[in-house]
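According to this note's numbering, the residues represented by the sequence shown are 437 to 559, in order.
Incorrect hints may have been included.
Stated by the list, open to error - DSS-like, lysine-lysine: derived pairs with alpha carbons at most 30 Å apart:
| no. | residue 1 | residue 2 |
| --- | --- | --- |
| 1 | Lys552 | Lys500 |
| 2 | Lys500 | Lys554 |
| 3 | Lys553 | Lys500 |
Said to hold, decoys possible - Ranges of calculated distance between the beta carbons of each label pair, as one might list FRET restraints:
| no. | residue 1 | residue 2 | range |
| --- | --- | --- | --- |
| 4 | Phe537 | Tyr446 | 40 to 50 Å |
| 5 | Leu544 | Lys473 | 54 to 64 Å |
| 6 | Ser498 | Ser441 | 48 to 58 Å |
| 7 | Pro520 | Leu480 | 43 to 53 Å |
| 8 | Asn492 | Gly454 | 37 to 47 Å |
| 9 | Asp559 | Val487 | 26 to 36 Å |
| 10 | Val447 | Val487 | 44 to 54 Å |
Don't read these hints as lab results, they were simulated from the structure.
The C-beta atom is built at its ideal place from N, Cα and C for all residues, glycine as well.
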Amino acid sequence: MHPQSMPMDYVPILIQLGVAAGFGIVTIIGTHLLGPKVKTENKLSAFESGVEVVGNARQPFSIKYFLVAILFVVFDVEVIFMYPWAVNFREFGFQGLIEMFIFMGLLLLGFIYVIKKKALDWD
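Let the hints inform the model, and build the full structure from the sequences given.
Listed below in structure tokens is the structure:
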């Protein structure tokens with residue numbers, strides 16, 4: 437039998453949320469009120485990691501960049517699904533092992549599809 441949670445059990449969480457929100461608000465307002473307000477041409481110019489700005493920021497990127505980024509996210513998220521399975525490996529038993537083989541097989545099929553479409557080739 438599980439003990440029922442009482443509203444008083446949530447007070448520390450509410451206090452922590454209040455302190456975090458208060459810190460954020462006080463910091464934003466404090467820097468706005470206390471910070472210098474001098475606007476020079478040097479401060480208003482674009483800053484790119486210490487490198488002088490060259491050209492237009494609106495120039496198009498190759499679609500390959502975005503494709504690789506999306507594929508990384510997709511396959512990275514798939515790997516995240518393996519962690520809970522590995523932690524509970526013994527509890528899932530043989531059926532869990534079969535399901536993970538199916539999952540990994542589908543993941544491998546997706547990877548083979550990406551390779552066949554040459555999505556990772558940088559020509």
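Against the structure, the hints come out as follows:
1. For the hint linking Lys552 to Lys500, the alpha-carbon distance of about 15 Å falls within 30 Å, and the restraint holds.
2. Of the supplied pair hints, the one linking Lys500 and Lys554 holds, its CA atoms being roughly 10 Å apart against a limit of 30 Å.
3. At most 30 Å may separate the alpha-carbon atoms for a hinted pair to count; Lys553 and Lys500 meet this at roughly 12 Å.
4. At about 42 Å, the beta-carbon gap between Phe537 and Tyr446 stays in the expected band of 40 to 50 Å.
5. Between Leu544 and Lys473 the beta carbon distance is about 58 Å. The supplied range of 54 to 64 Å therefore holds.
6. For the hinted restraint 48 to 58 Å between Ser498 and Ser441, the CB-CB distance of approximately 53 Å keeps it satisfied.
7. Checked against the hint of 43 to 53 Å, the pair Pro520 and Leu480 passes, with Cβ atoms roughly 49 Å apart.
8. Here the CB-CB span from Asn492 to Gly454 is close to 46 Å, well matched to the stated 37 to 47 Å.
9. The given range of 26 to 36 Å is respected by Asp559 and Val487, whose C-beta atoms sit roughly 27 Å from each other.
10. Distance hint for Val447 and Val487: a CB-CB separation of about 50 Å, consistent with the stated range 44 to 54 Å.
Violated hints are absent here; each numbered hint is respected by the structure.
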